[in-house]
Amino acid sequence: MITLKNVYKKFNEETNLHFIDLVFEKGKTYVILGPSGSGKSTLLNIISGIISPDEGTVEIDDVEITKLSQKDKDNFRLKNIGYIFQDFKLLNEMTVADNIELLKIEKVDCSNIDEVLKTVGILNKKNQVISKLSGGEKQRVAIARALIKNPKIILADEPTQSLNFEIGQQITQLITKENKDSLVIMVTHDERLTKYFEVVIKLEDFLKGGVNNV
Amino acid sequence: MFRFALKNLFIRKSKVLLIIISIIVSTSIGLIAINISNQVKDEVINTTGYYDTIVGPSGGSSQLALNTLFFTDKPLGTIGYDYYENLKNDRRVNIAIPMAMGDNYKNSKIIGTTEDFLSDKKYLYGGVFKENFEVVIGYNVADNNNLELRDTFIGNHGISESDSGHAHENNPYTVVGILKKTNTVYDNAIFVKIDSVWKVHGQELEESTINTHGEVTAIIIKSKSIQDQMTISDEYNNVGGLQAINPATVIREILNNIDLTKQIVYVLSFVIFVMSVIIIYIITLLNIYDTKKDIHLMRLLGISPKKIVSIFIIQNIILSIISIVISLVTSRILLACINQVTSNMGIVLNCYKMYPVEGMILIIVAFICLIPTVFANLKLFKKDVKLD
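Chains as they are written, first to last, in our numbering: chain E, 7 to 220; chain F, 3 to 390.
Excised from the complex, chain E in its bound form (with noise of 0.2 Å):
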C-alpha cells in the first residue's frame, strides 16, 4: 500500500505541485489521468524516491520514502519497484538480454529472463540490438525489465505515448494482466486506455489549487 500525506513539491515561484492525501492499495491497478504538464511523472517520481518532495510524507508498506537516504532510496526502489518509462529508457546500443541482465550488477535475479521474455513476446529478439526493434518492442523490453523483478509496485510514466493506439493497447494489457499480485499505477493522458484499469483517478481532483498551478 502507498500513502502519500501533504506531498509538495515545488519547482520554482510560479510552478509547484500540492497532493491532497492519496492511498493506493495493494494489488489493485490505478491509471492517473491529467493532460501534459500536470504533475503525473512528478508524482511517479516521488513515490518511487527518483525526487523527494519539499513537504509531506510517502510511505509504501510501512516505509517511510521520504526519510530515506538516497542510496536506501535506490535500494528500495530497485528491490520493490518496476518502473517503465514514457522514452523507454534502454541502452540502445545493447541487446535485450543485456539490458535486462544490466540488473545483475545489483544482484537481482535473472535467472526467468527467458520465460519473462515470452510473457511480454520478444523471446526472439532476446539477442537483438535495442537500436533495431520498434517502439512496441522496445516498451516490451522496458515492461520486461520491470517484470523480471517480480516487484511489488509497477509504475508506468505514459508508456504508450510513443506508440500507435493498437500497440499503445497490447503493452497496458500486458502491464495490467501480468502484474500478478502487483500494485500498478500507470499515468496517461489517453482516456481509452482507462477500461484496462480499476481504479481511474483524474490527478486534477487531487491537486489543491488545481493544474492551473503546475
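One or more hints might be untrue.
If you want the footprint, here are the derived chain F segments under chain E, 3+ residues with CB under 8 Å [to be verified]:
| no. | segment |
| --- | --- |
| 1 | 3-13 |
| 2 | 305-313 |
With a straight-line Cα cutoff of 20 Å, these simulated SDA-like cross-link-like pairs (lysine to any residue) come out [what the hints assert, rightly or not]:
| no. | chain 1 | residue 1 | chain 2 | residue 2 |
| --- | --- | --- | --- | --- |
| 3 | E | 113 | F | 281 |
| 4 | E | 158 | E | 109 |
| 5 | E | 95 | F | 292 |
Computed spacing ranges between beta-carbons, pair by pair [claimed, not checked]:
| no. | chain 1 | residue 1 | chain 2 | residue 2 | range |
| --- | --- | --- | --- | --- | --- |
| 6 | E | 81 | F | 357 | 46 to 52 Å |
| 7 | E | 208 | F | 19 | 53 to 59 Å |
| 8 | E | 120 | F | 320 | 28 to 34 Å |
| 9 | F | 19 | E | 81 | 33 to 39 Å |
| 10 | E | 113 | F | 269 | 49 to 55 Å |
| 11 | E | 78 | F | 23 | 42 to 48 Å |
| 12 | F | 373 | E | 98 | 27 to 33 Å |
| 13 | E | 14 | F | 376 | 36 to 42 Å |
| 14 | F | 373 | E | 113 | 54 to 60 Å |
| 15 | F | 23 | E | 183 | 34 to 40 Å |
| 16 | E | 78 | F | 373 | 30 to 36 Å |
| 17 | F | 373 | E | 129 | 39 to 45 Å |
| 18 | F | 298 | E | 7 | 49 to 55 Å |
| 19 | E | 14 | F | 328 | 45 to 51 Å |
Calculated from the structure, these hints are not laboratory results. Here a beta-carbon is modelled for each residue, glycine too, at the ideal position from N, C-alpha and C.
With the hints as your guide, set chain F onto chain E.
Structure of chain F alone, referenced to chain E:
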C-alpha cells in the same frame, strides 16, 4: 559487472582503439629508450671491464676500442707481431692477446686470436680451436646459418659482405665449437687461431710467408697493476705509428655522447607520454559524457553510483592491461628489429631482457590510465547524476 564493462568497451570500439594506440605509442617508446640505453651500458661495462689497455695502430681511439672489443667498424691498420711478443713477455703484463681481423663470413667477422681470448666463454657444443682453420662460432652465427659441429664454410676477404672481396676457397673453416648465447657481440663473431688468418692471407699473397708471423690489428692487455698499465700506455704512446688506449676511458666518452641522446629520447617520450595522458583524459571524458544518458538510466533503475563508477574503472583497467601487454610486446618486437641494425654495430640486444624500471613505467601507465576516469566520474557525479 566485468561482462557489462567489457560489452560497454566493445560498443565504443573506435574510441577504445584510439586510447589503446595512444598508450601503446608513448609506452613503447619509453620502454625501448630505457631498455636500449641500459643494455648498451651493461654490454659496454661487461665487455670493457676485464682488459685495461689496447695497443694498436695510431688513429681514432674510439675506432680502435670499438673494433677490438666490439668487432665493429674497420681496423685502423696493423702493427708488427713483435709488439705482441714483447708485451707477452713483459713482467708488468698478466695477459696479452693478439687480434687480427679482415675477413667475414656472411657479415660475421672472423677474428684471429688465441685460446686465451675465449677462456671464460661457455660452449653449447664442442670446444676451443686447437688447429689452424678450426673455428669457434657465436650462437647467432650458428643459428642464422644453420651451422653445426664439423660443418665447413669459406670466409670472404673484407669485414662485411658489402665490403667483400674474393672468397678464400682454398682454406675452408671447420666448426669445432659453438658458444652459448651471451647476448653480446660474441654471438655474432667467428673465432679462429690467429695463425689461420695469417695463413689464409699469406698463402694467397706469397707462399713463402706460410708459417711466419703476420701482423696484428691490435693487442689487448690485462696489466698487473694500475701503475703498470699507465707506464705501458706511456711507453707505447711514444712509439711512432702506435697508440695505447684505456678502453674503459674511451668507451665512457662514447657513452657520455649516448647519454645525451638518451636524455633527448627520454624528454621526447615524456612529451609523447604527457600528450597521451591528455588524449586519454579527453577521450575518457567524452566517453563518459557519451554515456551520461546510460548512467542516468542506471541510476533511475536503482543501480548505485559506486557500482557505476566501478564499471568505468573496470573498463579502464581492461584498457590499460590490454595497452600495457601490447606495448610490452610491441617494444620487444621493435627491439628485435633494432637489434638487426645494432648487432652489426657491435651491440647485441636481448629482446627478452626486462629492467625493473620498465616494470615501474608500466605500473605508472596503469595508474595514469585510471586518473582520468576517477576525475571524470567525480565531476560527472557531482553535477549530473543527482537524481533529485
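What hint numbers does the structure not satisfy? 3, 14, 15, 18 and 19
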